[in-house]
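*Asks:* The lines below spell out each chain.
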Amino acid sequence: MTTISTATPATPGPPEPGAHTAQAPVDPFDRDVLPAPPDAARRLLGSLLRPHRLRVSVAVLLLLGQQAAVQGGPLLVAFAIDHVVPALREGRYPPLFWLAVGYAVCAGASGGLQYAFTRAAARVNQSVLVELRGRIYRHAQALSVDFHDRYTSGRLISRSTTDVESLRELLDEGLQELLGVVVSVAYIAALLLYLDLGLGGAALASFVPLGLLVRDFQRRSMRVYRKRSTAIASVIVKFAETLNGIRPVQSFRQERANDERFRALNADHWKVNGDSILEMARYVVASRLTANVAVAAIVLWGAYRVADGTLALGALAAAALYVRRLYDPIDRLGMFLNSYQSAAASLEKIAGLLAQVPGVPEPRRPRELPPVRDGRPGRAVRFEGVSFGYRTGGEVLPRFDLAIPAGQTVAVVGATGAGKSTLAKLLARFYDASHGRVLLDGVDLRELSTPELRRGVVMVTQEAFLFSGTVAENIAIGRPDATRAEVEEAARAIGAHDFITALPDGYDTDVRKRGGRISAGQRQLVAFARALLADPAVLILDEATSSLDVPGEQAVQRAMHTVLGDRTAVVIAHRLSTVEIADRVLVMADGRLVEDGPPGELLAGTGRFAQLHRAWQDSLT
Amino acid sequence: MSLLDETAPAPAREAPRSAVRSLLRLWPYLRPVRARWGTAAVVGTVASVVGLAIPLVLKWIIDGPVAAGDTTGVWWGGVLLLAVGVAEAALFGLRRWLVARPLAGVEAAMRADLYGHLQRLPVAFHDRWASGQLLSRGTTDLQLLRMFLVFPLTFLLVNGVTIVVGCIVLLAQEWTLGLVLLAPVLPLVVLCSMFEARYSVAARRAQDQVGDLATVVEEAVLGIRIIKGFGRHRSQARAFRALNERLKGTELHKARLLATIWGLILTLPELALGAALVLGTMRVADGDMSAGTLVAFLSTALALRWPVESLGFLLAMSNEAATAADRYFEVVDTPLPKDPAEPGTSAGATSAGATSAGAAPAGDGSGLRLSGVTFRFPDADPGAPPVLDGVDLHVRSGETVALVGTTGSGKTTLTALVPRLHELTGGRITLDGVDIQRVPRHRLRGMVAVAFEEPTLFSASVAENVRMGAPDADDEELWRALEVAQAAGFVRALPQGERTQVGEQGLSLSGGQRQRLALARAVIGRPPFLVLDDPLSALDVHTEAKVEAALREVLASTTALVVAHRPSTVLLADRAALLSGGRITAVGTHQELLRDSAEYRHLMSGDREGER
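Residue numbers (the working numbering), protein chains in the order written: chain A, 1 to 621; chain B, 622 to 1233.
Read the hints as simulated data drawn from the structure, not as lab findings.
Keep in mind the model is a prediction, meaning the values are calculated, not measured.
Just so you know, even glycine gets a beta-carbon here, dropped at the ideal spot from N, CA and C.
Be a bit skeptical, because a hint or two may be false.
Take a look, some chain A residues computed to stay more than 12 Å from chain B by CB distance [to be verified]:
#1 P37
#2 L197
#3 D216
#4 G274
#5 V457
Derived Cβ-Cβ restraints for the label pairs, each shown as a range [stated by the list, open to error]:
#6 P1061(B) with D498(A): 34 to 42 Å
#7 R1216(B) with R492(A): 28 to 36 Å
#8 G134(A) with E1097(B): 50 to 58 Å
Whenever a hint applies, use it, and build me the whole structure from the sequences.
*Replies:* Right under this line is the structure:
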């Protein structure tokens, strides 16, 4: 858990009071019902299946053939009695031979086609599921940090596991059920009509009430399944939160209190789960009852017609057997509807997620950054008439202008909630400004493609999360094509080399496995090495040294001086030691830039910075 | 990133696994609902057999009253048919109604147990397991188990009985033809068991891969700032795709196995039926058998088609459920750490130990003492040097000691030993003379409050989050704690004050705000022992100074160990201790250590002073 414990979402937040006082009436995030256009679920399913039209048709044909082979059995029984027996009595054997061959072919075909269908369908299904999971993942990655703080990782996991799973159930069993039902109903209905129009018509008429039942079931179960998908997501969120916060849970003895809280969520899920099974039970009872009443009615009617002499006894006998089989698939239809509704509810949720518009869209026509001047890798930054407020209300940064020349190191200081992080996030384009624009060497950030933007600007934050994998891989996130030597060089420059080589497998130590425990300070060093390796034109450090000790911080500062000396840097730190390497200090208060100047000049004055610095000096003694 | 090759520590697979054995382990959960489930199974079987009776009734009506033109008889036949039909529908419904809530309840109970167990497993366990793997056990695996309970468990029985009854009916009708029909049973059983073995391996692999996928998704959210900050969507997406494709491969392999067994289950009985038809036709032609008998025989056989066909996917589902059960019990079987018996039952020497819940043991008042403490992570290489190697430290009652050491020297680990989040490898830690090993964890953790370096808030109100430290604290105590942490100001200004929801599902607070709430949580219960891990790292200078001033008063009345990176934090303490190379190498006041220890000087003021 060492690395996961950074789970708590951090701080895009309008941290200080006031920003959140304006309250949205209903928060769709709270209820896990993101708006999706009507019919979104079906359209999503359509768009997933469309590329596989051909394969789907092949699968359907295979299944039609399979069903024909299955239905062939009874026909051959009739053939045996009507033709083979008389032929045998006449001493002719070929019909018997053909009967045997026919049955063997049917048996082989029903098995063989089933085999082929299962495989063909699996290929389609798995491609669809891979695509859907991929879409969820890619879309989630495109959505803003702000979105994720509200949506939570648990829900996203729920979308890409349990919700995808319910589509899988539909695809795996649904298609076969549905086609099986349609084919066998059509087939038997045709046979009944052929046997006797009246009886066949009566049997078909019974499908009217059955259809109504199906509609009713569909409506009711959809409601239940929507609730169920929400309920399981809350269970997952609680689960994930507990796992990620296991240390405070245990040390504050929250186990029992958590048991209680979990019990409530679990009970909600239990209830809707039970409801969903009961809905199915209702449907089964109602449809079975309708079907059995229909069978009895048809047989009675047929019997009277036999008595009238308007119907042959043999026809009634055959019809009676078929009528019963006509209704066999109703249960299977129920199963199909069941999985369909469950999948539809899940797809709705997924569609709601996919309908979220990324807050920071990729440019349609990306521009490139101009080549760097005189081989100096830093770039100039300009905020032009920028203001920013969260969609939830409240302006965090009122309109301001700011120019940072290439190669300058700027320290941003101020109390918690003064807007320092927001400024940094605008520059890193985690958010787009509400008004105005942010320029990098004269190019609007919104016009840069992601790779181009990240060659330009990289941000290191306080939460130094490590991904599963080795230490080297974690550093190489900065530049995936870096050689091992380059990775080590970056680590050495930041003073992380020593502790990394002391790990059981050095750079190849898996951060989630044996002995791969890495302290918070060490993680920050890895994060820095990442940034060094990325070698951006503009580096932003947001409280990135908070867990480092003094020598660690100094190593970082040295590295910034030597390795990143020519880069433009924006450094946010509570500890004013950073200021020592800064060319310029910006002091922020309540979202405004209140002081701006070289550190020496500000220190000499009596402003906020001078006060802050004195307080900090006192804390060092 | 090479992702999670086998994230979950490979479970020891000593015994050859058997699906049946795995599923039998569900019994304790089924036990409370066994009466209902049993009734439902009986009802289901009866319903199924009643279903078999309907063709017989039809046959009777047609051969009897209708053929004879007996109108009353036809009416009675109709009534009988209706009655059987209603009974069948009612039984179907009854079966489902009986089990709906109880079986959903089994899933809920298993999930609650898993959750409760996970909460109590040691931190070392959680360090080892990716949370996605644990989550997938609590969700998809349990869903599989519920589906197994609702469907295959009952229908394996119901369909099994239906098949047996059907076979008996068939044998009774015409035993020679019946034997022909039964011929494929033996090969099918052999094939099914071969299939079972291979399928369950594949099912297990697929489930593990789903867990890996969950882990990657979770990391993608937790690390979203890094992915975005470095523009690494593509490489992360590639890693995800690789895993996704691997799962697809496993699923296709499963589908191949399923297709094979399904094909066989359809073909073999059908071939037998064909043989029976040919033989029957010949016997009818010879006049040994009536055509009606053959039709009745074959329609009974055809009625058995669905129960037989269904065996394919029932077996597949059961196998998946069995591996899901394995995965579930792997975690639930992990033993919980043992707690000592409640004091009082042990020898008289400790009879003065912890008296009432939550209170400090009325020990000798010697404060917090670590003697010869060694620690090595339980999963560490036995050859590797221990993290802590003989730590001796005495924090006198009422005193505050700052723990100083380089990044990665084991300070955080040391603090985790006091509330027993990790267990000592060797040595002893005593609180007022009482060995922490002899205090039940629950009580120990009531005596020691901790503020972690990474402050985690839970999805609850601010007040609930802070009251975790002392559930019974009244409003006055709550606000006092918030004042100490300098959090009262911003908490009052939140939309709903202290009742504002925070955490994953609430308002997100800044790092400094979270850290202050975590600090309030630690001090609210006025714990006799306080462990603070770099509690002020995310605060700005002004706030830090104010927190320090307030914290000083709190520290005056408790015994505290404070991990410190900076001089300002050290100054909260009466003395400082330097942790280096797994030992405490120097103890003294800040000034003494600055004077006497080069390493300490280096840590506190960096190289320039260090080089002087």
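*Asks:* Would you mind marking each hint as holding or not holding in the structure?
*Replies:* A quick look at each hint next to the structure:
1. P37: Answer for P37(A): holds, closest chain B Cβ roughly 25 Å.
2. L197: Non-interface label stands for L197(A): nearest chain B Cβ at 20 Å, farther than 12 Å.
3. D216: Consistent with the label, D216(A) stays out of reach of chain B, its closest Cβ about 15 Å off (over 12 Å).
4. G274: 4 Å, violated
5. V457: 9 Å, violated
6. P1061(B) with D498(A): 34 to 42 Å: The hint (34 to 42 Å, Cβ to Cβ) holds, given that P1061(B) and D498(A) are roughly 41 Å apart.
7. R1216(B) with R492(A): 28 to 36 Å: Roughly 32 Å apart at Cβ, these two residues keep to the hinted range, so it holds.
8. G134(A) with E1097(B): 50 to 58 Å: Check passed, 54 Å falls within 50 to 58 Å.
Of the hints listed earlier, those the structure fails to meet are numbers 4 and 5, in rising order.
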